[in-house]
Each structure stands twice: as C-alpha cells, then as structure tokens.
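Each protein sequence line maps, in turn, to chains Z and B.
What the first sequence shows, in full-length UniProt numbering, is residues 1 to 294, in sequence order.
What the second sequence shows, in full-length UniProt numbering, is residues 1 to 403, in sequence order.
Be aware that one or more of the hints could be misleading.
[Stated by the list, open to error] The following label-pair restraints were derived from C-beta to C-beta distances:
1. ASP181/Z / ALA25/B: 15 to 25 Å
2. GLY402/B / TYR243/Z: 50 to 60 Å
3. GLN359/B / THR227/Z: 41 to 51 Å
Please keep in mind that the hints were generated in silico from the structure rather than gathered at the bench.
For each residue, glycine too, the CB sits at the ideal point set by N, CA and C.
The lines below spell out each chain.
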Amino acid sequence: MSRAEAPPAPAGRRPRALWTFGLLRSELVTTLRRWRTLALLGVLAAVPVLVGIAVKVETRGGSSSGPDGGGGPAFIAQITNNGLFLVFTALAATLPFFLPMAVGVVAGDAIAGEAGGGTLRYLLVAPAGRTRLLLTKYTTVMAFCLLATLVVAVSALAVGALLFPLGDLTTISGTRIGFADGLGRALLIALVVAASLVGVAALGLFVSTLTNSGIAAMATTVGLLITVQILDQIPQLHALRPYLFPHYWLSFADLMRDPVYWDDLVKNLGLQALYAAVFGSAAWARFTAKDISA
Amino acid sequence: MAPYESDDATAAAQAEDAPSGRRKAARYAVPVAVVGVAAATIGLVPALADSGDPALPKITAQQLIDKIAKSDVQRLSGTVKVSTDLGLPNLGGLESTLASGAARGGDGSSADPKSHLTELVSGTHTLRVAADGPDRQKLSLLESGAEYSMIHDGKDVWGYDSKTNEVYHGTAAASAGRHRAAPPATPKDFADEALKAVDGTTSVTVDGTAQVAGRDAYKLLIKPKQSGTTVGAVSIAVDAKTGMPLKFTLTPRSGGAAVLDAGFTQVSFARPAASTFDFTPPKGAKVTEEKDRRAPQAGGEDFAKGLGGAHGPQGAHGPKVLGKGWTSIATFDTGAKGGVPSGSRGGQLGGFLGSLGDQVSGKFGKGTVFSTRLVNALITDDGKVYAGAVTKDALVKAADQGK
Numbered sequence: 001m002s003r004a005e006a007p008p009a010p011a012g013r014r015p016r017a018l019w020t021f022g023l024l025r026s027e028l029v030t031t032l033r034r035w036r037t038l039a040l041l042g043v044l045a046a047v048p049v050l051v052g053i054a055v056k057v058e059t060r061g062g063s064s065s066g067p068d069g070g071g072g073p074a075f076i077a078q079i080t081n082n083g084l085f086l087v088f089t090a091l092a093a094t095l096p097f098f099l100p101m102a103v104g105v106v107a108g109d110a111i112a113g114e115a116g117g118g119t120l121r122y123l124l125v126a127p128a129g130r131t132r133l134l135l136t137k138y139t140t141v142m143a144f145c146l147l148a149t150l151v152v153a154v155s156a157l158a159v160g161a162l163l164f165p166l167g168d169l170t171t172i173s174g175t176r177i178g179f180a181d182g183l184g185r186a187l188l189i190a191l192v193v194a195a196s197l198v199g200v201a202a203l204g205l206f207v208s209t210l211t212n213s214g215i216a217a218m219a220t221t222v223g224l225l226i227t228v229q230i231l232d233q234i235p236q237l238h239a240l241r242p243y244l245f246p247h248y249w250l251s252f253a254d255l256m257r258d259p260v261y262w263d264d265l266v267k268n269l270g271l272q273a274l275y276a277a278v279f280g281s282a283a284w285a286r287f288t289a290k291d292i293s294a
Numbered sequence: 001m002a003p004y005e006s007d008d009a010t011a012a013a014q015a016e017d018a019p020s021g022r023r024k025a026a027r028y029a030v031p032v033a034v035v036g037v038a039a040a041t042i043g044l045v046p047a048l049a050d051s052g053d054p055a056l057p058k059i060t061a062q063q064l065i066d067k068i069a070k071s072d073v074q075r076l077s078g079t080v081k082v083s084t085d086l087g088l089p090n091l092g093g094l095e096s097t098l099a100s101g102a103a104r105g106g107d108g109s110s111a112d113p114k115s116h117l118t119e120l121v122s123g124t125h126t127l128r129v130a131a132d133g134p135d136r137q138k139l140s141l142l143e144s145g146a147e148y149s150m151i152h153d154g155k156d157v158w159g160y161d162s163k164t165n166e167v168y169h170g171t172a173a174a175s176a177g178r179h180r181a182a183p184p185a186t187p188k189d190f191a192d193e194a195l196k197a198v199d200g201t202t203s204v205t206v207d208g209t210a211q212v213a214g215r216d217a218y219k220l221l222i223k224p225k226q227s228g229t230t231v232g233a234v235s236i237a238v239d240a241k242t243g244m245p246l247k248f249t250l251t252p253r254s255g256g257a258a259v260l261d262a263g264f265t266q267v268s269f270a271r272p273a274a275s276t277f278d279f280t281p282p283k284g285a286k287v288t289e290e291k292d293r294r295a296p297q298a299g300g301e302d303f304a305k306g307l308g309g310a311h312g313p314q315g316a317h318g319p320k321v322l323g324k325g326w327t328s329i330a331t332f333d334t335g336a337k338g339g340v341p342s343g344s345r346g347g348q349l350g351g352f353l354g355s356l357g358d359q360v361s362g363k364f365g366k367g368t369v370f371s372t373r374l375v376n377a378l379i380t381d382d383g384k385v386y387a388g389a390v391t392k393d394a395l396v397k398a399a400d401q402g403k
C-alpha cells in the first residue's frame, strides 16, 4: 500500500477527495495485480472463445440453423448469423455462475483477506477512517464487476467478429435493427449485467467483514450464491423467489426485445439496489464496530 | 455519515476502537431499517397506487354491452398478462415437451402457431399485442430470453420463434375466414366468447368501476343462472372511453382463484411504429411454408379440445354440442371401444390414468371423469367423450340421455 503518495493537505475538502482517490487507485491496482484476479478474468475471457468455437464446429457441416430444440443458453441459435449474438450468449452463459463467482471471490477477499494477511490494521493506521476504507473496498469490487463483464463482452465480440459474419441483426421480437444500434444495445446489456452483480458484491463484502479468513469468506459467498440459485428454482417457494437476488438476472435479454420490455429490468435493478443498501449498511455496522486484532 | 471522518486519524481510530456496546448494536439498526422501509414500500405502494374506483357516469348493462359491440379500436399496443389456473397437475417441462413434440410430428416447425398455443393453457404468461388496422397485427409471447411473435402484415402471416430461430410463413388468404391468425389471448377475444353465451339464463349487471392499466373502466359482471355449470362468474372490465375490454376474469363456482385472468397491464391507443410489423426472415433461419389450405385453426374449439380431450384420441366424428348456453356439453365418439382402460384392464398405465380420474357409472354404463377446476370430461367405457364447463352430475345426465 503506497500511503505516502497522498499529497500534503492544503485545506478543506479537496485533500480528502484526493486522498480517497489515492486510496481507491491503490486498492484497484492491488486487486488487479493479484494472480488470482488475473486468472479469474482469464477464465471469463475463455468462455466466449469456447462457446464460439463449439458453435462454429457444430454448424460447419453446412447446417445453418443452431442446435435443435432451442436448448442451451439464450440467443445461441442466432450466433451463426450474427457474431454480435455471441456477446449476449456469452453473458447469458456466464451470468448465472462464473461472473458472480468471480465477484464473490474478490468481494469475500476484500476485508477478510486483509485481516487474514495481517494488513488490515496498517490500512486503518492511515488517516482514512473505516467507513471510507469500506466504501473504497466496495467501489473496487463494483469496478471489478464492470471489468469482468466487459472482459466477457469484449472477448465475445472479438471471437464473434472473427468466426461469424456481423451486420444488421434481428431482435428477438422479429424486427430488424442496424449494427450500430445492436452494438449500443450490447453495451447497455453489459452495463445491466454488471449492475446485476452489485447485490452479490454487497453480500460478499458483508460476509467478508464477519471473518478474518479470506478463504472462509469466499467459500461462504459462493456457497450462498449456489444456495440462493437453487432456492430460485423451487416452484413451491414462488412467494419468496421475486426477492432473491438472482431472480431477475436473465431479464437483460429483455433489452433485445423491440420495443424494450422494461418491467423486469427495473425490478432487477431495484432489487440489486436493495441488496446493496441492506448488506452494504450491514457491512458498515459490522466493520465500524468490530475489534480489529489482525 | 460517521463522526470519525476526520483527518485526525488518531482521534478517529481511538473513537472507533472503543465504541460502547450500545452504539455497536445501534449500528445494526441501519440495515434493519432499510429492510423495514423496503418491506413497507413493497406492501404499501400497491395499496396507495390503488387510488379507489374512478367515478364514471352511470350506465346500464345493456348500454355497456352495446358499447363493447360498437367498440372499434383499430390501433393499439399493449402488454397483456394471462394467468390460467385450471388445477391441472403440474407436469412442468413434460407438458411443453409433449406439446412441441406433437407440433413437430405435425409439420416440424417450432414456429408453427399451434405449438405455442398449448403453452397458454397453464401458468402465467406475458403477451404483447399491437394492431394497426385490420391488416397489420402482431402478437408476441414473451419467454425468458426469447420471444415467439406472430406478425400479420397485409397478406403475409409470419411466426418467428427466436429461441430456435425458426420461421413459419403463411398467407392471410390461406387462413381465410378469420382475419386474425392469432390464438385467443387478449381480453377482447375472451370477452367476445363470453358475450356470445349471454342469453336468458344469464344475469348481466354493471358491477361498479375499476382502474385497469391506468384507464377508467366499467366492470361488467356475467353470472350464469343455470345450475350444473362450473362457471361461477365472468367479470369484464370495459374501457370507459373506447369500449374495449381491458380485463377478463373467470372464476369457478367452487370458489378460489380465477381459472382464467387476462388483462392489460399497459395499453396505448396510439399508432404503433410501422417497423413493428415489418418482418424479413433473419439470415440462416429455417423457414417453414404453410401447407396448402391447412389454415391454422387455432380457435376456442382447439382450446377446449386441448383442455377436455387431451386424453382422447382425435375424434372419429366431429364433436356434437348438447344443450346450450353455459351448460352445453361437447360430445364425440372416439370410435375406440374400451375408452380409457380403467382399473384392472390396461395394466399399469390404465391404473395411472384411472387414478387421475374418478370412476362413475350410470344408465350409460361405466366411465371415468377427469376433472379440472373448470372443465370436466367424461370418457365412457364404450369410447364416448362428453366434455364441458359443467359438473360431473351434468355429464352423467347427458351421457344417460345420449344412451
């Protein structure tokens, strides 16, 4: 941690802002330099490559239609006609598990990892305050959400452009939109997917404040993720399901309808904001009141 | 937010290091309060949004029926939610597998309207409708990550299934007789059917007003007076301005949740964008052409047959209708002696089918009654099928008379 980088404070709020920025920058750099983070991003980047090659090999024999029966992730049948659909398929394939798992690993490690490594007290010696440190950690995790999503999207776009034709595309409602419009929607979808991970990020951060073991926090977060995903599949719990954070995750596909169907998208974003508020404040309550011994 | 956000690190650290137990606990009030506020919002907002029934001028039932009849809405776009709860056993994926399997056996395209009609028989579905005059209509069935669209544009009728990227193409001429090739799904389709059944044996009243999809509406309540039917009441919310049915609810006589509830959640009477109705098959999509003269006969008849006659083989003779009004019973002869192998005959399968239905006997002989919350069907051992929105006793009586 390069605490010394913070410039001497002249007066007022400005130094604080600079200070926070310095803290955030050092957090981001530390997080992204970890081999673990790079490996996670590498795995995420590999998913679209695998999907793209699989679809290409599958349809090489001249059959132009996608896999029979409409199985597999959403949009997979359209990839052969337009490489841009690989972006949507890759996001649909990674959103249920790979992306939140990566976020869970980074979020679970955020506080507990520092505590386990014995560096947390040094971070707190710096004149940052616990609240600001927590906010910085959460911002870093959210930045990772966005980065991870963009890695998947960009990798998918590159593979899609290499293996398949690009051009005007047909929305799932059957209307046609131009390639630029399609690209815009792809970016919007990537942002929505990144925002969908905000809830699991807050959950991971809260778990991370509960323990001093980074591994335990990661395992708990990923375990909770899997449990909630399973609960979301049980029809008998239908009264509960709309409040589980992954319930509306796949609603990002509604952006490919024409006109866009906003209902579930809005519900998804609202639910993520709720989870972020609840677990963010719980993490704050825990972290600011906790005895830091490591 | 916190008092220790100061650059004076030592003081802040000290303040944080020794918070009293009470202050520690008080912090947890924040997340609890957030949950409380969220729960209150979720609970209260719908109640507050329900700003009471709109005040509309009084109208008689007959005037309201005339209003529906005169309604001539040419342009609209909106979202319809259809919930069906027939009380059928939940077969989950099996149902759709059977349905698509059947359609596939028929002509091999998942974009065929018929293969999607059966989906509407159970569960909750969101549909989008758009119309611009009699020649341009669109009906889309929203699925998770996919959509099935039926587009009628001039003489072309397209079905597009985005999940499989398959296209079904027919011409409006081939589906002559019905200028809408779409299955009945909108409140208006259902309301038309219900109003057809209105006769002397029905009580029709105006049951106050309501807000549907943000529009003021009258509520028309239709109640069959005859005994023997399973239909409890039909409630239709009619838009006060245009006279278009906005919501259709059918409750069974046995009470409980509505069997069928179809209503607009959002509606606009502006002209939909022209591009809505433009369709060119996407590159690489598999296009199935409609077979000659095989019109997509996706009418209420199919719907009823899908409900009542799901177990019976296709009727050797067309169905005959006994009685009229709400207690009418459709009957046909499967031609197959033996009917449903009940009880001892038919081995394990027979036992399974028999366990789904109830054994009945009467002057007609023996048979099995299959019940849903609305439609009951009697399959006699000599291969006749009686089905209708009537009670079991009425079915047995009809079978006795038919003997």
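Going through the hints against the structure:
The beta-carbon spacing between ASP181/Z and ALA25/B, approximately 53 Å, falls outside the hinted interval of 15 to 25 Å. As the Cβ distance of GLY402/B to TYR243/Z is approximately 53 Å, the hint placing it in 50 to 60 Å holds. Between GLN359/B and THR227/Z the beta carbon distance is about 45 Å. The supplied range of 41 to 51 Å therefore holds.
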